[in-house]
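Take a look at the letters that make up each chain.
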Amino acid sequence: KGFEFHLLDDTYLLQIDFRGQFRASFPHSNFPSSEDDFSDEEIFLGISRARIKMGGYVIKPYYKFYLEQDVRGGNLLDFRAEIEKLSYLKLRVGQWKARYSRERVISSGQQTGLERSLINRVFTIDRQQGISLYGNLDGGGAANFNYWVEVLAGSGRGAGLGDDEKLMYMVRTQWNPNGEDLGFSGSDLEFHEKFVSSVAIAGVTNTSRFTRFSTSGGGQLYGFEPGADGQYKVDQALFETAFKYRGLSFDQEFHYKNIDDKVNLKETTLIGNYFQVGYFFHYLFPKFPKPMEIFARQAFYNPNIDVDNDNNYEYTFGVNWFFKGHRNKLTADYSYLKFNEFNPEGNSEHMFRLQWDISIF
Amino acid sequence: KGFEFHLLDDTYLLQIDFRGQFRASFPHSNFPSSEDDFSDEEIFLGISRARIKMGGYVIKPYYKFYLEQDVRGGNLLDFRAEIEKLSYLKLRVGQWKARYSRERVISSGQQTGLERSLINRVFTIDRQQGISLYGNLDGGGAANFNYWVEVLAGSGRGAGLGDDEKLMYMVRTQWNPNGEDLGFSGSDLEFHEKFVSSVAIAGVTNTSRFTRFSTSGGGQLYGFEPGADGQYKVDQALFETAFKYRGLSFDQEFHYKNIDDKVNLKETTLIGNYFQVGYFFHYLFPKFPKPMEIFARQAFYNPNIDVDNDNNYEYTFGVNWFFKGHRNKLTADYSYLKFNEFNPEGNSEHMFRLQWDISIF
Amino acid sequence: KGFEFHLLDDTYLLQIDFRGQFRASFPHSNFPSSEDDFSDEEIFLGISRARIKMGGYVIKPYYKFYLEQDVRGGNLLDFRAEIEKLSYLKLRVGQWKARYSRERVISSGQQTGLERSLINRVFTIDRQQGISLYGNLDGGGAANFNYWVEVLAGSGRGAGLGDDEKLMYMVRTQWNPNGEDLGFSGSDLEFHEKFVSSVAIAGVTNTSRFTRFSTSGGGQLYGFEPGADGQYKVDQALFETAFKYRGLSFDQEFHYKNIDDKVNLKETTLIGNYFQVGYFFHYLFPKFPKPMEIFARQAFYNPNIDVDNDNNYEYTFGVNWFFKGHRNKLTADYSYLKFNEFNPEGNSEHMFRLQWDISIF
Chain A
1 KGFEFHLLDD
11 TYLLQIDFRG
21 QFRASFPHSN
31 FPSSEDDFSD
41 EEIFLGISRA
51 RIKMGGYVIK
61 PYYKFYLEQD
71 VRGGNLLDFR
81 AEIEKLSYLK
91 LRVGQWKARY
101 SRERVISSGQ
111 QTGLERSLIN
121 RVFTIDRQQG
131 ISLYGNLDGG
141 GAANFNYWVE
151 VLAGSGRGAG
161 LGDDEKLMYM
171 VRTQWNPNGE
181 DLGFSGSDLE
191 FHEKFVSSVA
201 IAGVTNTSRF
211 TRFSTSGGGQ
221 LYGFEPGADG
231 QYKVDQALFE
241 TAFKYRGLSF
251 DQEFHYKNID
261 DKVNLKETTL
271 IGNYFQVGYF
281 FHYLFPKFPK
291 PMEIFARQAF
301 YNPNIDVDND
311 NNYEYTFGVN
321 WFFKGHRNKL
331 TADYSYLKFN
341 EFNPEGNSEH
351 MFRLQWDISI
361 F
Chain B
1 KGFEFHLLDD
11 TYLLQIDFRG
21 QFRASFPHSN
31 FPSSEDDFSD
41 EEIFLGISRA
51 RIKMGGYVIK
61 PYYKFYLEQD
71 VRGGNLLDFR
81 AEIEKLSYLK
91 LRVGQWKARY
101 SRERVISSGQ
111 QTGLERSLIN
121 RVFTIDRQQG
131 ISLYGNLDGG
141 GAANFNYWVE
151 VLAGSGRGAG
161 LGDDEKLMYM
171 VRTQWNPNGE
181 DLGFSGSDLE
191 FHEKFVSSVA
201 IAGVTNTSRF
211 TRFSTSGGGQ
221 LYGFEPGADG
231 QYKVDQALFE
241 TAFKYRGLSF
251 DQEFHYKNID
261 DKVNLKETTL
271 IGNYFQVGYF
281 FHYLFPKFPK
291 PMEIFARQAF
301 YNPNIDVDND
311 NNYEYTFGVN
321 WFFKGHRNKL
331 TADYSYLKFN
341 EFNPEGNSEH
351 MFRLQWDISI
361 F
Chain C
1 KGFEFHLLDD
11 TYLLQIDFRG
21 QFRASFPHSN
31 FPSSEDDFSD
41 EEIFLGISRA
51 RIKMGGYVIK
61 PYYKFYLEQD
71 VRGGNLLDFR
81 AEIEKLSYLK
91 LRVGQWKARY
101 SRERVISSGQ
111 QTGLERSLIN
121 RVFTIDRQQG
131 ISLYGNLDGG
141 GAANFNYWVE
151 VLAGSGRGAG
161 LGDDEKLMYM
171 VRTQWNPNGE
181 DLGFSGSDLE
191 FHEKFVSSVA
201 IAGVTNTSRF
211 TRFSTSGGGQ
221 LYGFEPGADG
231 QYKVDQALFE
241 TAFKYRGLSF
251 DQEFHYKNID
261 DKVNLKETTL
271 IGNYFQVGYF
281 FHYLFPKFPK
291 PMEIFARQAF
301 YNPNIDVDND
311 NNYEYTFGVN
321 WFFKGHRNKL
331 TADYSYLKFN
341 EFNPEGNSEH
351 MFRLQWDISI
361 F
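Residue numbers (our numbering), protein chains in the order written: chain A, 1 to 361; chain B, 1 to 361; chain C, 1 to 361.
Heads up, none of these hints are tricks.
Straight-line alpha carbon distances no greater than 27 Å define the calculated DSSO-like cross-link-like pairs of lysine-lysine that follow:
1) C:Lys85 - A:Lys290
2) A:Lys64 - B:Lys1
3) A:Lys1 - C:Lys60
4) B:Lys85 - C:Lys324
5) B:Lys324 - A:Lys64
6) C:Lys287 - C:Lys324
7) C:Lys60 - A:Lys324
8) C:Lys60 - A:Lys290
9) A:Lys90 - B:Lys324
10) C:Lys1 - B:Lys64
11) B:Lys324 - A:Lys60
12) A:Lys324 - C:Lys90
13) B:Lys64 - C:Lys324
14) A:Lys60 - B:Lys1
15) B:Lys262 - B:Lys166
16) A:Lys324 - C:Lys64
17) B:Lys60 - C:Lys290
18) A:Lys85 - B:Lys290
19) B:Lys60 - C:Lys324
20) B:Lys290 - A:Lys60
I should point out that these hints are in silico values taken from the structure, not numbers from a laboratory.
Build the full structure now, drawing on both the sequences and the hints.
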């Protein structure tokens with residue numbers, strides 16, 4: 001959580017942290033998003049993320065604030081204030097990663113994999129500005145639920161303006177069957193003696209000029225033209241599972257997305273899924289080094305369910321070496337990509353990446 | 001003033017603060033600046049301002065520095081160093097809000113209103129880079145004056161380059177008839193038992209490519225084309241009054257601006273005025289909640305005194321609820337706008353806004 | 001080094017500093033880079049540099065980090081992590097000023113001159129992202145060498161992407177004949193009783209779209225068109241000397257640069273050199289004020305050794321007044337420029353600049 005300045009007899013808490021991510025990759029730094037990307041081979045050697053984080057509380061521990069800045073691109077990422085007095089009813093305003101899918105909500109510094117999966121770019125609703133109610137409803141034992149209701153501008157990071165009179169509405173419900181919140185972090189670094197899992201469903205609807213969102217703000221998926229006000233009505237849903245148990249971690253997300261193009265009067269339905277498993281083999285074979293985790297991921301993405309032979313597949317294998325948990329780790333991965341979206345005859349690629357992720361405090 | 005780090009036995013002072021402003025508005029976030037803006041109704045829900053402020057002193061309390069960054073847009077706002085050893089002769093270099101008009105100089109977090117008036121966009125000279133001499137001349141009693149003489153680059157925020165060999169020159173004289181400086185903040189939160197007022201005149205002259213300035217830098221007023229070097233010679237003057245007394249605060253500014261277009265050989269004279277009153281009714285009717293202030297504002301703007309029926313009018317009514325003075329407050333306002341600048345037949349609008357403004361320390 | 005926060009019993013060190021540079025200049029702020037610049041006379045009055053610096057160590061003093069941000073332009077300048085456990089073998093990753101030439105490596109706040117010389121713009125490889133090994137090899141006495149081996153993306157500040165499969169490779173060897181490292185700072189503020197000098201050679205090769213680099217990233221020299229991937233293969237070498245002795249400081253760099261344009265099949269060889277001397281005359285004539293240093297610089301640049309009469313010359317004279325060493329100083333300089341690069345008949349210019357450079361801590 002960064003270095004903590006406890007000020008004026010704990011009336012204020014100011015946490016500060018710096019995070020850097022350094023990467024070498026070939027022949028791409030990220031997954032290709034057009035056919036040209038496949039033929040354009042480029043070595044990457046440098047900074048993939050650079051962040052300053054500041055947070056804390058004011059007067060009371062439940063009046064919280066958080067600011068995260070991307071100093072590499074000069075972008076404000078998170079800027080939010082929260083009232084978390086009641087566990088079952090909390091309030092947040094500002095800009096943050098919409099609490100939609102587990103993969104996106106987990107910080108890039110706390111993931112199991114070196115980078116998010118193939119389907120993240122397509123289905124994430126990313127950071128948005130707005131207001132949210134959320135909390136935990138605990139009926140004892142398996143009757144344990146988290147919920148998030150978010151009303152968002154729906155124009156992506158950096159934008160508070162809605163699309164005409166239309167906003168984005170998001171709901172997520174997460175069942176914690178083991179009576180305990182799994183939390184948003186990858187890899188079973190804590191070695192859960194007890195099985196802890198999470199099952200979630202979420203849905204979101206938005207009308208805007210955009211068909212996808214990223215840290216750069218709103219943009220378009222492959223095959224979609226730049227939009228006019230109100231052109232794209234996008235409805236999305238997901239089903240997500242995850243657990244951690246004795247060094248093993250598992251994550252899965254199934255996504256559905258419908259894009260209703262009001263200008264060209266065309267509807268497109270996209271689906272995708274990913275599975276990811278990480279395991280510390282030390283717990284099975286003690287001779288295996290303890291800080292080493294092996295992970296594997298499979299993802300598929302169908303950009304249009306009405307078109308045959310247009311699926312993209314990702315197969316990734318990798319290894320983490322945790323010097324100090326997620327705060328200082330080295331990750332190497334290899335991905336085999338098989339895409340039919342851009343060319344029915346198929347594009348394929350082998351990608352290699354090496355990454356060091358370090359948080360100062 | 002933010003959280004204070006007193007370093008090395010008070011040899012250094014470092015103050016730090018964060019400020020966030022969250023707004024919901026409909027059908028506009030700011031006043032329309034063209035006829036199209038009237039018909040383009042948009043809901044806004046998100047961050048309207050996000051700021052980091054750092055200041056303090058070095059070695060001696062009169063060697064001061066101040067830095068303010070807009071983390072939302074990634075802009076450096078203030079960056080200045082000051083020598084304030086003598087009350088009657090102080091020196092400042094760097095970039096800051098030119099000490100021209102009271103409405104603009106008052107921080108957006110310390111205003112009475114939710115946002116500045118209709119005329120601010122037209123008449124402000126905003127932030128500039130340069131050098132300034134200023135001070136207070138106190139002859140006892142009513143013989144109390146503040147003055148500011150500023151030599152500025154005149155190209156707006158972020159630019160130190162003059163226009164060819166031409167700079168901006170600004171002078172402001174403020175009379176403090178009650179022998180006390182009113183200070184640059186809105187609303188009588190301190191409950192002045194004694195009447196404290198301020199009467200100021202100021203003038204500024206500049207030759208540049210621009211007809212107006214804002215946080216984005218130089219720009220053009222409605223009806224003016226992008227300028228060439230030296231195209232626009234702009235002369236401005238203002239007459240300003242303000243007071244605070246027993247929960248009542250009053251602000252008024254009358255502005256005059258002459259734009260001499262050296263390319264099209266055309267002169268335009270613009271005038272404008274605003275009145276604003278805020279009152280804590282608790283002091284009249286004790287049953288009224290103490291943290292609640294009611295305010296009203298009227299502004300008019302004539303974009304060309306030689307043209308009939310082209311005036312714009314603003315009527316704003318609002319309410320503040322001060323949780324912790326200007327450092328944590330909720331504001332709601334309603335504006336009725338009646339514009340004839342863009343269309344002689346008139347455009348009118350009702351605007352609603354709700355805002356939370358919070359400083360961390 | 002800024003203000004130091006020693007945290008958790010010296011487990012962590014966090015240093016923070018702010019630096020501002022304020023300048024007035026006429027008729028140019030920097031040396032002209034095209035013939036039009038000569039005729040476009042502009043007054044500059046404002047901020048020339050504004051920086052925030054944060055660095056320190058983590059857990060052990062040899063696990064170091066450093067971040068420097070240009071808050072004026074919103075650019076991330078330095079972002080690097082280092083392991084400096086062994087003096088003869090150190091490791092660095094991230095983004096920094098490539099350790100190529102002394103003039104560029106010396107911070108703009110620790111230079112002798114008001115600004116770098118004419119040849120810096122042409123020959124610097126500036127900031128790059130990548131990885132580096134470096135260290136000091138000390139065989140006793142004059143057998144004292146520093147070395148730097150850097151593998152860099154070669155696309156300039158802010159870019160980690162190489163050019164196709166090509167990276168930038170840089171090597172620098174510095175001989176410290178007096179058994180002591182001279183260090184990267186200008187002016188003999190320390191009054192070296194003992195003569196301390198440095199002799200260095202360095203070379204760099206890069207293939208990219210660019211013919212020069214600056215804080216803005218990659219760009220083109222005068223006469224070169226925007227490049228395609230792999231268009232420009234640039235090979236550079238330098239010979240550099242420097243010393244400090246009893247208030248006298250001397251710096252010299254000779255640069256060679258060969259640009260092989262693979263598209264137009266054209267090779268260009270550029271050379272340049274600068275000499276700079278600074279002296280505190282107080283040590284010769286005690287009546288001279290102690291904080292005052294006089295400096296002079298001569299530089300020449302030949303943009304194409306195969307073309308006659310195309311050399312540019314800079315003659316600069318200036319004076320520093322050090323209030324508090326490099327942390328608070330006033331500098332004035334005068335440059336006479338004689339350029340034949342843009343016009344065989346010659347362009348010449350007299351430039352005047354005044355500058356205040358201040359670091360807070």
